[in-house]
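J.: First to last, the sequence lines map onto chains A and B.
For the first sequence, the numbering used here begins at 1 and goes up steadily by one.
For the second sequence, the numbering used here begins at 291 and goes up steadily by one.
Please note: incorrect hints may appear among the correct ones.
Claimed, not checked - Derived lysine-lysine pairs resembling PhoX-like cross-links, with alpha carbons at most 20 Å apart:
id, chain 1, residue 1, chain 2, residue 2
1, A, Lys-212, B, Lys-427
2, B, Lys-534, A, Lys-254
3, B, Lys-528, A, Lys-258
4, A, Lys-92, A, Lys-64
5, B, Lys-553, B, Lys-528
6, A, Lys-205, B, Lys-335
7, A, Lys-89, B, Lys-438
8, A, Lys-205, B, Lys-427
9, B, Lys-494, A, Lys-138
10, A, Lys-138, B, Lys-438
11, B, Lys-528, A, Lys-254
12, A, Lys-215, B, Lys-427
In short, the hints are calculated from the structure, not lab data.
Remember, predicted model here, so these are calculated numbers, not experimental data.
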Amino acid sequence: MSDKNYRQIVVLSGKGGTGKTTIATAFAEIINNKIVIDADVDAANMHLVLNHNINSKYDYRGGKKAEIDLCRCSQCGLCESVCRFDAIKDFKVDRTSCEGCGFCYRVCPDNAISFKETKSGVYFECELEDKSKFYYAKLLAGEGNSGKLVSALKKKANEQSTENVKWIIVDGPPGIGCPVNASLSGVDLVVIVTEPTQSGLHDLKRLLDLLKIFKFPSGVIINKYDINIEMSKNIEEFIQSQGISLLDKVLFDKTFVKAIQNSKSIIEFDKNYESKFKNIWNSIERIIKN
Amino acid sequence: MIISIASGKGGTGKTTVAASLAYVIPDSVYIDCDVEEPNGHLLLKPDFFPEENADKLLPKIDYYKCTFCGKCVEVCEFNALINLKFEIVLFEEMCHSCGACKYFCPEKAITETAKEMGIIRSGITPENILFADAVLKIGEVSAAPLIKKVKSKIQKDKVNIIDSPPGTSCSMVEAVSDSDYCILVTESTPFGLNDLKLAIDVLKTIDTPFGVVINKYEESFTELQSYLEENRITTFLKIPFDRKIAETYSEGILPLKKIDWLKDDFIYLFEKIKEIVIEEKINVR
Numbered sequence: 001m002s003d004k005n006y007r008q009i010v011v012l013s014g015k016g017g018t019g020k021t022t023i024a025t026a027f028a029e030i031i032n033n034k035i036v037i038d039a040d041v042d043a044a045n046m047h048l049v050l051n052h053n054i055n056s057k058y059d060y061r062g063g064k065k066a067e068i069d070l071c072r073c074s075q076c077g078l079c080e081s082v083c084r085f086d087a088i089k090d091f092k093v094d095r096t097s098c099e100g101c102g103f104c105y106r107v108c109p110d111n112a113i114s115f116k117e118t119k120s121g122v123y124f125e126c127e128l129e130d131k132s133k134f135y136y137a138k139l140l141a142g143e144g145n146s147g148k149l150v151s152a153l154k155k156k157a158n159e160q161s162t163e164n165v166k167w168i169i170v171d172g173p174p175g176i177g178c179p180v181n182a183s184l185s186g187v188d189l190v191v192i193v194t195e196p197t198q199s200g201l202h203d204l205k206r207l208l209d210l211l212k213i214f215k216f217p218s219g220v221i222i223n224k225y226d227i228n229i230e231m232s233k234n235i236e237e238f239i240q241s242q243g244i245s246l247l248d249k250v251l252f253d254k255t256f257v258k259a260i261q262n263s264k265s266i267i268e269f270d271k272n273y274e275s276k277f278k279n280i281w282n283s284i285e286r287i288i289k290n
Numbered sequence: 291m292i293i294s295i296a297s298g299k300g301g302t303g304k305t306t307v308a309a310s311l312a313y314v315i316p317d318s319v320y321i322d323c324d325v326e327e328p329n330g331h332l333l334l335k336p337d338f339f340p341e342e343n344a345d346k347l348l349p350k351i352d353y354y355k356c357t358f359c360g361k362c363v364e365v366c367e368f369n370a371l372i373n374l375k376f377e378i379v380l381f382e383e384m385c386h387s388c389g390a391c392k393y394f395c396p397e398k399a400i401t402e403t404a405k406e407m408g409i410i411r412s413g414i415t416p417e418n419i420l421f422a423d424a425v426l427k428i429g430e431v432s433a434a435p436l437i438k439k440v441k442s443k444i445q446k447d448k449v450n451i452i453d454s455p456p457g458t459s460c461s462m463v464e465a466v467s468d469s470d471y472c473i474l475v476t477e478s479t480p481f482g483l484n485d486l487k488l489a490i491d492v493l494k495t496i497d498t499p500f501g502v503v504i505n506k507y508e509e510s511f512t513e514l515q516s517y518l519e520e521n522r523i524t525t526f527l528k529i530p531f532d533r534k535i536a537e538t539y540s541e542g543i544l545p546l547k548k549i550d551w552l553k554d555d556f557i558y559l560f561e562k563i564k565e566i567v568i569e570e571k572i573n574v575r
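Looking at chain B on its own, in the form it has when it is part of the complex:
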């Protein structure tokens, strides 16, 4: 089973929810897909195994074979190549590693070389959670290919918790795609609500079932409540703002370790999602 945690807005508590959920599920797998700013390791504190390099492919021109015909430049949609007639210049950060230039080169003058775009770290936490994250190399711009790689750590026979990056664009889509269920974490502000709606639009587009956890919940912000009710969206938890939660988190400690009712909340959350996912699978059959 794959459960992803996303939000639209940053800082709503995705990582806390994802790590807490992994913590209460026996033998779970936690995968941090926020490769730009991975934080799950700060809360789950895994012992890391040796890290793996994650590479992307870049074209390399063999100038003994190249006739500067310009076909590679013509087929590159990302303007990553320029033909100077005595050199083919590659702008590495523009290259999407699609491989079209190599395929279409009439002289077979293009091969591909690997370039590091980040690292993938796996490990195990004191509670036996299998942990994986990826760290995008500073200066690299595209996160989605690295997210795809770290998702290879998903174990089909276990419960996998995917911690998504914020936002609603390609990285978030890459992270949450193939999930059986997505939990959207929001907060009781117009910002939280606005970005929740955007994230819901994405999940509807990619056909992924979802429900909501409201963090830093405040009853006085009624718009969120009415929106969820009108649209019949399942709300699993309303976690009130609590200074103790914020302080515990700030020290890098999973808040549920110090707050018992929070732990019960997450056990309940998992039970509910399990029911929904199983029911959904039966319905499909």
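Just chain A, same shape as in the assembly:
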């Protein structure tokens, strides 16, 4: 970790809608010398509240898809019988089901199946108001491989990193599956945003189990903590028992929704929150330095 000049933070939650993007955006607004990455490529939202200009647009080719040439096909049905993804019916490939394994293309006795790289998304390199770089992506409808797109996005950001960059802030995807794993590569600290609900706690536990496997250090923010104060206490006790720091608690406040409705970050919308998030950020820096 010592040969690079920056530290990387990813904001995760397990459960969706706990406030990952709001909090990651707030961090992006209060620190300098950074690169910001929206790794929720299925449903990216950061670009809706961060003021930016798009500098470049790249095509993302996430894998190959099979296609049957009916002029050559003798309708033997071998392709359909070997496909384990139920992607072939009546000598036609269903693009959304096709896993890109190429089994059908290799097995076809008539050489009637082509197997080509296809565009499955786009990603953008942007500049924020303070000239720092910001990356986000858009997966095309019905495409898979979102984990690979997250990796491609992070790789691009790393390539463009200069020695002035001190922080990489990643807004992560929900869940604990493939895009989350991809968002974790090279990360120094995971900031977990949870909420005081049964599902918030349930999903937090599963996320922490995942982070344990890879030994990622983490800190927790309980968002909307006053929705259920009893549950917030349970969460606090639970993370303490796991030796994980509570970074802070954030009140349920409609100002957060209003900020989004006005396409603004919470920091831009209500300056009163600046000191709150600066404090949280200081705790993060402290944990990383130890």
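Given chain A, put chain B in place with the hints provided.
T.: Showing chain B alone in chain A's frame:
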């Protein structure tokens, strides 16, 4: 009939809508396809039957037969195999279980072994809802194969409610495919609207009819309303933000159990969808 509930954005209220709908439909089947973070059981509280293991297949090399020709490595599109000339190394998490390596091995040296990728739980709730969910094993990366397995719990002669994972990629597509109708749950913010549009693109691609429920509805966010009107998208319900709903949910209680008007809303929702699905089936014939 299969009705799926999806959203694009996480945390809009998919599980609450799905569980509420299952609750108001007699003899329904509820299937939680959010295998990464299944939460439906927290609201519906089923009594579980003994759980089943869900396995995925991985290649196993018989080194008495293997000649290290490298054909298996050549046909693997996912770079899950590496030929070291004295060993074929498998990276389990890269393997998509397509079976190509086994098929093409000229020495018939590859068999397949099962590896646990998660569990499938079925049960029954106090209201007699048949319940099923699946829990992805921590560290497993691909959710879609497990979603496919839990969907085998669909009962053709009943009303099945599918609770989809968030997002718009392969897991969401796997969950909502084959649905007669999809309800998209959104919220009155630009995030909700942006992700709703993405989810709609997916549903159009896979040719699934859909309508919208707006949760945490706020009149002041007019963009959502205009988008839905301009595109002639059916909006069934506008559930206003209500602190009592949020608090009830936080305790793991289905909000409609404490709020009567909410229950009426969901009965109305089901009646409407039933009409649409039946009409659609008649039109196809």
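J.: Quick one, are Lys-494 (chain B) and Lys-138 (chain A) close enough, alpha carbons at most 20 Å?
T.: holds, 17 Å
J.: Quickly compare the C-alpha distance for Lys-528 (chain B) and Lys-258 (chain A) to 20 Å and report which way the hint goes.
T.: holds, 18 Å
J.: Holds or violated: are the alpha carbons of Lys-212 (chain A) and Lys-427 (chain B) at most 20 Å from each other?
T.: Holds, at about 14 Å.
J.: Given the hint that Lys-215 (chain A) pairs with Lys-427 (chain B), does the C-alpha gap stay at or below 20 Å?
T.: Within the cut-off at roughly 17 Å; holds.
J.: Are the Cα positions of Lys-92 (chain A) and Lys-64 (chain A) separated by 20 Å at most?
T.: holds, 16 Å
J.: Between the alpha carbons of Lys-205 (chain A) and Lys-427 (chain B), is the straight-line distance 20 Å or under?
T.: The given pair, whose Cα atoms are some 13 Å apart, holds under the 20 Å limit.
J.: Can you confirm whether the C-alpha distance between Lys-534 (chain B) and Lys-254 (chain A) stays at or below 20 Å?
T.: Answer holds: Lys-534 (chain B) to Lys-254 (chain A) is near 15 Å, not above 20 Å.
J.: Given the hint that Lys-553 (chain B) pairs with Lys-528 (chain B), does the C-alpha gap stay at or below 20 Å?
T.: With a Cα-Cα distance of about 13 Å, the restraint between Lys-553 (chain B) and Lys-528 (chain B) holds, given a limit of 20 Å.
J.: Run the distance test for Lys-138 (chain A) versus Lys-438 (chain B): straight-line Cα separation, threshold 20 Å.
T.: This hinted pair is violated, its Cα atoms lying about 25 Å apart.
J.: Against the 20 Å threshold, does the CA-CA distance of Lys-528 (chain B) and Lys-254 (chain A) hold or violate the hint?
T.: Holds, at roughly 18 Å.
J.: Within a Cα-Cα threshold of 20 Å, do Lys-89 (chain A) and Lys-438 (chain B) meet the stated pairing?
T.: At roughly 17 Å apart (the allowed maximum being 20 Å), Lys-438 (chain B) and Lys-89 (chain A) satisfy the hint.
J.: Would the pair Lys-205 (chain A) and Lys-335 (chain B) pass a check requiring their Cα atoms to be no farther apart than 20 Å?
T.: holds, 19 Å
When each numbered hint is compared with the structure, a violation occurs for hint 10 only.
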